[in-house]
Amino acid sequence: MATASAAEKTYRYFRFETMRVWNGNPNMQMAEFTFSHNGTVLNSNNRNGSGVGVLPVTITSGDQNPTENEGPTKVGDGNLGTKWFKGTPFGEGQALTFDFGSAVTIDAYNWGSANDSVGYSRNPVSWNFAGSADGTTWDLLDSRVNYPILNQNLTYQAGFSIPAEILPAILYFDVYNTGSEGTAGIVLNGSPVSFLWETQYADDVSISPAPGDVETVGFVDDIIPPANATTTYTITAGRTGIVDTATSSLAFRSVVGGEATYRYVRFKATKLRSGLATGLVQLGEFSFANDATPVTVSAAENPGGNSWPDETQANLIDGDAIGNKWLDFNNAPVIFDFGSSKTFDAYSFYTANDGADRDPIQWTLEGSDDKLSWTLIENVNFDHPTSADRFRFSHDIPLPGASLSPFVNTFVGSSEILVEGQPFTLSWNVVAAASVSINQGVGAVSATDGSVPVTPPPGSTTYTLTATSAAGSVTTDTFTVNVISPPATNTINYADFSGVGDELSLKGSTGIFDGNVLRLTEDIGGQKGEAWFRFKQPVSTGFEATFKMSMNQDSPNGFAPADGLAFVIQNSAAGTDASGNGEAGLPVNALNIKFKSFGFDAANASQIQVLAGTNPLRTVSAYNTPGVVLKGLPDFPGTVAVDAFPFTFGTAAGEKPYEVRIVYVPGSPGHIDVYFEGIAVMQDVEVDLGEIGAVDGTGQAFVGFTARTGGNVQNSDIIDWRMSYGDFSALPPFGLVAAIAHPVAGAPVFNLVWNAEEDVSYTVESSPDLSPGMWTPVSSFGPQAGQFGVRMPATEGKYFYRVVENQ
2 MATASAAEKT
12 YRYFRFETMR
22 VWNGNPNMQM
32 AEFTFSHNGT
42 VLNSNNRNGS
52 GVGVLPVTIT
62 SGDQNPTENE
72 GPTKVGDGNL
82 GTKWFKGTPF
92 GEGQALTFDF
102 GSAVTIDAYN
112 WGSANDSVGY
122 SRNPVSWNFA
132 GSADGTTWDL
142 LDSRVNYPIL
152 NQNLTYQAGF
162 SIPAEILPAI
172 LYFDVYNTGS
182 EGTAGIVLNG
192 SPVSFLWETQ
202 YADDVSISPA
212 PGDVETVGFV
222 DDIIPPANAT
232 TTYTITAGRT
242 GIVDTATSSL
252 AFRSVVGGEA
262 TYRYVRFKAT
272 KLRSGLATGL
282 VQLGEFSFAN
292 DATPVTVSAA
302 ENPGGNSWPD
312 ETQANLIDGD
322 AIGNKWLDFN
332 NAPVIFDFGS
342 SKTFDAYSFY
352 TANDGADRDP
362 IQWTLEGSDD
372 KLSWTLIENV
382 NFDHPTSADR
392 FRFSHDIPLP
402 GASLSPFVNT
412 FVGSSEILVE
422 GQPFTLSWNV
432 VAAASVSINQ
442 GVGAVSATDG
452 SVPVTPPPGS
462 TTYTLTATSA
472 AGSVTTDTFT
482 VNVISPPATN
492 TINYADFSGV
502 GDELSLKGST
512 GIFDGNVLRL
522 TEDIGGQKGE
532 AWFRFKQPVS
542 TGFEATFKMS
552 MNQDSPNGFA
562 PADGLAFVIQ
572 NSAAGTDASG
582 NGEAGLPVNA
592 LNIKFKSFGF
602 DAANASQIQV
612 LAGTNPLRTV
622 SAYNTPGVVL
632 KGLPDFPGTV
642 AVDAFPFTFG
652 TAAGEKPYEV
662 RIVYVPGSPG
672 HIDVYFEGIA
682 VMQDVEVDLG
692 EIGAVDGTGQ
702 AFVGFTARTG
712 GNVQNSDIID
722 WRMSYGDFSA
732 LPPFGLVAAI
742 AHPVAGAPVF
752 NLVWNAEEDV
762 SYTVESSPDL
772 SPGMWTPVSS
782 FGPQAGQFGV
792 RMPATEGKYF
802 YRVVENQ
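Last residue of the sequence shown: number 808 in our numbering, and the count goes up by one each step with no gaps.
No wet-lab data here; the hints were simulated from the structure. There may be inaccurate statements among the hints.
[Unchecked claim] Here are the simulated DSS-like cross-link-like pairs (lysine-lysine), alpha carbons at most 25 Å apart as the crow flies:
1) Lys272 - Lys508
2) Lys657 - Lys632
3) Lys537 - Lys508
4) Lys372 - Lys343
5) Lys549 - Lys632
6) Lys549 - Lys657
7) Lys549 - Lys537
8) Lys529 - Lys549
9) Lys549 - Lys508
10) Lys272 - Lys372
11) Lys549 - Lys272
12) Lys529 - Lys657
13) Lys269 - Lys372
14) Lys269 - Lys343
15) Lys529 - Lys508
[Claimed, not checked] What follows is a set of in silico ranges between Cβ atoms, one per label pair, in the way DEER data are often shown:
16) Phe601 - Ser447: 50 to 60 Å
17) Gly460 - Thr179: 48 to 58 Å
18) Thr490 - Ala574: 21 to 31 Å
In this text the structure is predicted, and so the values were computed from the model without any measurement. Even glycine gets a Cβ: it sits at the ideal position worked out from N, Cα and C.
Let the sequences and hints guide you as you build the complete structure.
Here is the structure:
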């Protein structure tokens, strides 16, 4: 779609009228609203704090108190951390209205989302923007309908230029669907489909491939889609003299139909309206039928699901489509049990009461008689036009029968960005396909699953997998790899990250901050990032990893920092494209050293954990380890949260980072030692890197970091990073490592840490005055190679401790 050029508009008053909120929510909120001219944001109400070019503006919304805690003036204070909330935002009388006192000229505007807009679906998606000279007569300047906003918290949109002419828009293009009439998005061959539409500011509307030119508002119920195919219908709305057009699409599938006979049927949503394959899913009811006669379901289960007690899968089969619902936070499959093998040829569902983002728009059905062996019987791999209306019936959806589309479980390459000369492998797993082929010279391959080494040329190459069923139904999937020239370095030796090049794969939120810091996550919500060194490292023969880390907050406000980061040794099939689970690292084929900062006690907020995939091998609290002193975060009077967090890895920005040393000594099995600020917080954690799949057949692995934030936030920074390889089993001679007083849980203690030698025992002695004859044994410790650490009471006045090596 072409973009209309920006137009200058001069008015005293401006009005933002909300027409629709994300998911049709009745409430909305907004953190900031800005006006611009020639690329410069107007300094309304001194929003930038400079005191230069200030334009006073009064901001109102109906009869709402402008200055209340979440009143409309909050959108003009220049702070994304405050917001305007409106319970009834619709209609001109409730619009967000700006009075500059005198005329100002603008050519663009923008708005920023608030702290929890996504979780509560409170971002506007349709609105009118108008100007007025007198506050009574309004001129429409811009109109946006179902605009594809950046649906993120604390985020400004890209900005909205005021068009020279109001652009045509499509208010809706939907499947005709009422409680008793309409069609599903999947029909039997030869059956008609029906849809309806409405446009605005348009005089030229057409639908392709049929019926062609149509009225600006209309309805059709006699369109017969091509047999055994998925067909996308696109409506285009334009206006004479305007280059810009608006488009919207609907897809329908026509199938030959068929029946299935099983005791169990497993439903899995593979894509939600949100665009994700994970997250909250919900439905009001799910039913089966055979020759239009209902098939009774005796029970349902949701293995791996996470539901509220009153929103479990039992609600899907209770016959109450609108009184309750099934909601699962994990989008786990639902298994329906007929009690015995039964035949069915169709199924249907109802949407639930809220959260249209949670509706399934792609899914699979599998059948089984023993819950062990499953057969694919349905694969909706296109965006089904599931109604966005609440409590809406899908109508009966026929099983595809011979029209079943193959299902591509996976089609991946070993890296999205590949260093020239490194090995590259394509892997796939396909169900219900008679033949599978891959282009770019690969050709026909296994019809089920497999992998093949290929050598992509320099530059970008897209591989397309084509899976074809016995009846000719086709499913495709693609994977693109970009081959780059070898980076300047293939060793990990970063004094800082100022010279980083292509040798680091930075994923998600990760980037280089301030020119020399590897920032895995910023201190904003919902971030997840990874950093992987592109060259595999010879870790199985022994390694030493050292790095400085800082989990800090730019503006601490009393909320606990979160969530943490992990150092990872991995041999994932995704290689340097692997997506981690934040502070937990990777779930399989990985050794993860977790540093968790989120929690409200020392066991969680300073947790260090060694994991083989998701299996914990050992867990400690750094705060509770003798010799470790954390900076923590104090309380912040006057803020929402006033708890102090002395036990967290989190700090305020600018604090000195923590030094970490991780040593792997190979053996049968090998073992991991973890040092924090020179203190051995873990010693001799047994792990076999090969056995857990963390290294390849040559003993090499990718290494790097993963991190995330959630509702609570922090910057997760790596300051430097070095890797060395070889034998690091040698231990230092006997000597004191740390002797320091430190308050723990409100009681001061004295920390003693020393390097211990094998086959030697030790005694801790105390003295009030260092007199030769006044040393008294306090504790004895048997032989142990490595570090010993103890905490002794810190009494009032002078008191001394020493460690004696017993001969």
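Tested hints:
no., hint, in the structure
1, Lys272 - Lys508, "22 Å, holds"
2, Lys657 - Lys632, "9 Å, holds"
3, Lys537 - Lys508, "17 Å, holds"
4, Lys372 - Lys343, "15 Å, holds"
5, Lys549 - Lys632, "15 Å, holds"
6, Lys549 - Lys657, "9 Å, holds"
7, Lys549 - Lys537, "22 Å, holds"
8, Lys529 - Lys549, "20 Å, holds"
9, Lys549 - Lys508, "20 Å, holds"
10, Lys272 - Lys372, "23 Å, holds"
11, Lys549 - Lys272, "40 Å, violated"
12, Lys529 - Lys657, "24 Å, holds"
13, Lys269 - Lys372, "14 Å, holds"
14, Lys269 - Lys343, "20 Å, holds"
15, Lys529 - Lys508, "8 Å, holds"
16, Phe601 - Ser447: 50 to 60 Å, "51 Å, holds"
17, Gly460 - Thr179: 48 to 58 Å, "52 Å, holds"
18, Thr490 - Ala574: 21 to 31 Å, "25 Å, holds"
Checked against the numbered hints listed earlier, the structure breaks hint 11 alone; every other hint is satisfied.
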